[in-house]
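S.K.: Spelled out, the chains give:
Protein chains: 2
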Amino acid sequence: MFSEKVVNNLSKSSWIRAMFEEGAKLAQKYGAENVYDFSLGNPYAEPPEEVIESLKKHVLSDEKGLHRYMNNAGYQEVRERIAKSLQNESGIELSAANIVMTVGAAGGLNVTLKALLNPEDEVIVFAPYFVEYNFYADNHGGKTVVLPPDTSTFEPDLSALEERITKKTKVLIINTPNNPTGVIYTEKTLKEIAKIIERKEKEYDTTIFVISDQPYSEIRYDEVKLPSILSIFNNAIVVNSFSKSLGLAGERIGYIAASSRIKNIDVLMNALSFCNRTLGFVNAPGLFQKVVGDALTAKVDVEAYKKRRDFLYENLTRIGFECVKPQGAFYLFPKALIDDDVEFVKRAMKYNLLLVPGSGFGCPGYFRISYCVKFDRIKNSIPAFEKLAKEFK
Amino acid sequence: MFSEKVVNNLSKSSWIRAMFEEGAKLAQKYGAENVYDFSLGNPYAEPPEEVIESLKKHVLSDEKGLHRYMNNAGYQEVRERIAKSLQNESGIELSAANIVMTVGAAGGLNVTLKALLNPEDEVIVFAPYFVEYNFYADNHGGKTVVLPPDTSTFEPDLSALEERITKKTKVLIINTPNNPTGVIYTEKTLKEIAKIIERKEKEYDTTIFVISDQPYSEIRYDEVKLPSILSIFNNAIVVNSFSKSLGLAGERIGYIAASSRIKNIDVLMNALSFCNRTLGFVNAPGLFQKVVGDALTAKVDVEAYKKRRDFLYENLTRIGFECVKPQGAFYLFPKALIDDDVEFVKRAMKYNLLLVPGSGFGCPGYFRISYCVKFDRIKNSIPAFEKLAKEFK
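Line by line, the protein sequences are chains A and B. Reading the first sequence from the start, the letters are residues 1 to 393 in full-length UniProt numbering. Reading the second sequence from the start, the letters are residues 1 to 393 in full-length UniProt numbering.
Treat the hints as calculated values from the structure; they're not laboratory data. Computed from a predicted structure; not experimentally measured. Any given hint could turn out to be false.
Which copy? The list can't say, so a pair holds if one copy fits it or any two copies do.
[Stated by the list, open to error] In silico lysine to aspartate or glutamate, DMTMM-like type, Cα no more than 20 Å apart, as pairs:
1. 299 x 222
2. 335 x 218
3. 374 x 62
4. 346 x 223
5. 5 x 391
6. 390 x 22
7. 379 x 77
8. 84 x 33
9. 379 x 303
10. 5 x 266
11. 29 x 150
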């Protein structure tokens, strides 16, 4: 009766959302304060003052036409500000013409893949990765090729990349700071990737686009810098969102920035606007375009996230968990205490701990903790982690 | 390099948007007040007071978590209010579980088609129609079947419908009040359609869904009622938006309401939520969900639109244009003064009149006037229409 593919996918659907819903049930049963829900990347943090002030300014003004359609790509002045900021960061010349405002990064990724993919084109991702990429690629006729994780560092496996690029490879998606590991890929690694891609583009006479999905770009610790994707890759497309950096996840606001170094960039920008329109986004929400334009240099309290990372990392390693120390995002990705991560996560639920199995990120044997929650939840969860660890000793 | 299909579609792309952009150029050249841009359905009207008050209330409150993710289907309390209102209107029992909040009607249509269509499934539409439906169906593997217009009344052609339903027909899209004609399909016509569909469902042992795309449902004149789609059709799915009724086109807020009479409705609702998420919408913009929930009974000043309709209709018929008098929406769809509507629209541009050819709606020989503009523009345009008509006498 309905789409068979969609109905089949319902059962394979998001672990993260499944845990989120399980959490709601447990919270009802035991009280929210007794459930340690670490399942969803739904920041507890309120938007920074600049966002709130901008919102008030626009809503209280008698600005006419604030809620009308604008160009499908978004407000010119907001796109100009974003272009200027990316240009300063990357040294690559960019203007408003290189930017399309989008319904978050998820919207931006769908629009970009639709504009790029021909049937059976391959989209390479490094595990562990955000598995929704599979659906996004499939929506537009693409096939996801998942490269196995290097669990020693969670950096991309370069030899795997070199081996798996084919004539059909159209896109490489990178996600740094990474969800679920919190790892920031080094400049050296990214430059190696660029070399491999350039070599393969020559070998096959193809163009391979690097899509950088970087909603966590502003959530970095220990003064680690984010290497500039736009300067490292020739065919770079940055997809970003203000969900995490400005605490606006529910408002669905982000952008696509495509490098001026891409050949026929005008055609690509038209294609992106067209896809933004015809996939049904039409344009990114208008009021919040203006707000992020005003608050472009603001960000949520990263120190507060760092405090959470440090506390959790110290306690979990003390308890005996193995874990790469994250440099960004708000996730920890420790090794499960048994091989079967799904079973491990189920056993954790006994202690009201809601975790997401690594299998949900193409990386079995690990689990994700999303620590964008109130500090008390983290502090109070430590005895539960201790009991859980004891069970496997 | 890019998606071939998308690049090919760029050239066939929206007439409406093309005219909109042409209008911007002419406005720069001659001054906005001297260009009679009737191309886009971008309401001039500011949202009603209830919307502005609700926006202020939420933005000035210290409501925590206002901008966070919520359930992919949207806020429970907003969905409940919409369900209750539709239940009152239709007599069909509905709850929050029947509603998914969406990124406008364009988003809602893409989500619905994705959830329903299997490869090569057919989507029937009555010309004249909003040609973006072609892209929406194609996005999800469907094929649009366009039934020719009955230009005497612009009501659906029932015998054409009866003939063209096949085993592959999955969806009929109806759009009433209609864009571009402003016609409201009568209850009698809709009930005839329902009979034909039920007969064909039995004949082929299939299920055919009626999607009612009804963003103009609240813009009606002369006390004409809108027949209730949910009560007339068994497999009814209403897709609506607040773009026109609350003047919120740029904010991208609407909903899907699927009838509780649909078999396996639970599976369908899960599929709709899943598609909302994986197509990259994730959820409808959060703040505006709350706002439309608060302002559900409000609407823009319909009398102001009626004044425009009456003035334009009277003047154009006086000048000699043939036109069905619209009962809703904010469009007129007169007959062009030559067969070639594209040529006619080009000639109109000489008088700074921006119109959209009927070919852009699958109905050559006609043209669309979008009168959701300031009254002065309409008033001042009449001499231009007179000169244009003179040219063809």
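S.K.: Looking back at the hints listed earlier, which ones does the structure fail to meet?
M.R.: Violated hints (numbers, rising): 2, 4, 5, 6, 7, 8, 11; every other hint is consistent with the structure.
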